[in-house]
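Listed here are the chains, written in short residue letters.
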Amino acid sequence: MSASPAPQVQSLTCPNCGAPLTVRSMGRAVTIVCDRCHSILDAKDPQLKILQRFEAATGDEAPLIPLGSRGKWRGAVYETIGFQVRAMEVEGLTYSWREYLLFSPYKGFRYFTEYNGHWNDASVTTALPEVQGLSAKYLGKKYKHFQTCTAKTTFVLGEFPWQVTVNDAVEVTDYIAPPYVLSSETADNETTWTLGEYVHGSEIWKAFGLAGLAPTPIGVYENQPSELRASASQIWFAFAGLATAIFVIFTLSQLFSQREQVFQESYRFSPSGTEASFVTPEFELTGRTSSVAVRTDADVSNQWIYLNYALIDEDTGQAYDFGREVTYYSGVDSDGNWQEGSRHDRAILQSIPPGRYYLRIEPESDASFGLIGYTVTVTRDVPVLGIYLVALAALLLPALLISWRTYNFEQMRWAESDHPMRSVGGGE
Amino acid sequence: MSQPAALCPSCGGPIVFHWSSSVQTTCAHCKSILVRTDVNLERVGVVADLPPDSSPIQLGTTGVYENRAFTVAGRIVYDYDEGSWNEWHIVLNTAGSAVGSDWLSDAQSQYAVTLAFRADPLPALAAVHLGDRFTWNKTVFEVTAITDARYRGVEGELPFEYWDKQGATFADLRSTAGDFATLDYSDTQPVLYVGKMVDFDALQLKNLRAFEGWS
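For the protein sequence lines, the chains are L and Y, in the order given. Our numbering applies: residue 1 is where the first sequence begins, and numbers increase by one. Our numbering applies: residue 1001 is where the second sequence begins, and numbers increase by one.
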């Protein structure tokens, strides 16, 4: 067999303006657009019949990736051969996006699409997706319906392996599973499916050696993966694990707390008296270092009593000072009965070593009050809830923060779709 | 594999059948279409030169389909409204279809391998519409394209005689798992081919055409 000559580019001229044309996809071009006058030509016709003359009024669009650029992409060299701008209308507003057709003589065609600096790398699907209501299944993966619209071609440049003219309209439906987007294009009863993957412009700029920087993306795109998304589920997973651990430790401490009452005594305090400070008899804290609860039950009624406490280690003299106030007010007003405060108070001291202790107590109150009776109870090794709650809150905070940011991201994504999310705490 | 050899009755050039059951070949020198009649080769017609095309596959290209090695022995080029595509006739070293009618199609670089598949009865063309579903080989296929095509040219060896055919209608079908099937309505009886869409890299093609400026 004789080796057929391998045409790299063919030189032809535009029948409309005479400018030289470049054909890059060899025998595969069906449509060629003249670089200079933008006439759309039928590449299958040896005479290059003009399919459509370009309406200059619609303006010129410069592709960000110049036609003829080559780059290594996903393991093969590709060349950009075609460029088209398509637009859709939603509520009177026109949204335009750009599509770059890439060609490799071995691997065929793929597309880069760009909208507001967001890029997708798209190829025609090999298997047939299944539409099920508002979702589509493709090779075992589920995609959610995002949007259906009519896309119109508004500008073309370069060459295409299919017939394309300005004002061609197709119905486009996008289903998403970030970072993927599954799109169907339907025209004349025939549907073409493509699968796109979100890519960063910088990746394309690097692969194709483009000058400058890729444009900065604006907003959130339909299949843009959230940078936080993975960490949101991860942090909730971690939260669940740590919260369980906290719960287990808390339960164990509840079970093993001895709640041993070591001292109880009732006193009467006369606010009008002079020296009020006194010390209690000694009591013993046995066993391990543990928490100690000092409970005050005061017989106050529309009164207050303030108690300066010190728990003192008889042997070392180490004192744990703390002050507690017990107030209780009640009465009747136009709303009925009311009450404020409580007759009971509990103070918890952490990590008190065993030993012989006594309390020094110095009560204070308003001199106008009469005698106030109160009881002091000391219990060792009581379960403590507070620290567990603090730990839980410390864990919850970052989890909530990341979830909130993820939620905001998803809301921005879906705001552009046919199914916007309802905002939290207020409808539209 | 024996390779029957003969001389072209038109130009006297040597003809080698790469595949012993080939019925037809095209003379590489004068482009005559030759049909094997066991001893003599009958000259049937002359094909127009194949159009310049960009398929990376060529006669003699080898590859692998589902762990079976194959060699490309011939091709048919079809034209349709939106361009053209190649049906490369492949010869599998094991477990090809009974009639040896096995194909690697290259339609705008979308590759599919299909093997002739016996199934009865096959639907008539008039009974096939876009979106219709058929089950063959325990696989549900959906009609995704119905294409009217014209023969553009042939090259190499083919498992059947084609020259009296003018146009043909094909129905392409796909499954949700990447299976591919074609109903060929170019003959009086429809013929079914069943196979898979295949990735270029998965075919492990060797002896590909070299493109100037591309490596």
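Errors might be hidden in some of the hints.
[As the list claims (entries may be wrong)] The calculated lysine-lysine pairs, modelled on DSSO-like cross-linking and capped at a C-alpha distance of 27 Å, are:
#1 L:142 - Y:1206
#2 L:137 - Y:1206
#3 L:206 - L:72
#4 Y:1138 - L:72
#5 Y:1206 - Y:1031
#6 L:141 - Y:1031
[Unchecked claim] Negatives, chain L to chain Y, calculated, CB over 10 Å:
#7 189
#8 410
#9 414
Hints are computed from structural coordinates only; laboratory data are not their basis. C-beta: ideal position from N, C-alpha, C; glycine also.
Do the hints match the structure? See the list:
1. L:142 - Y:1206: violated (36 Å)
2. L:137 - Y:1206: violated (35 Å)
3. L:206 - L:72: holds (10 Å)
4. Y:1138 - L:72: violated (40 Å)
5. Y:1206 - Y:1031: holds (25 Å)
6. L:141 - Y:1031: violated (49 Å)
7. 189: Non-interface label fails for residue 189 of chain L: nearest chain Y Cβ at 6 Å, not farther than 10 Å.
8. 410: The assertion about residue 410 of chain L holds, with a minimum of 28 Å to chain Y.
9. 414: holds (27 Å)
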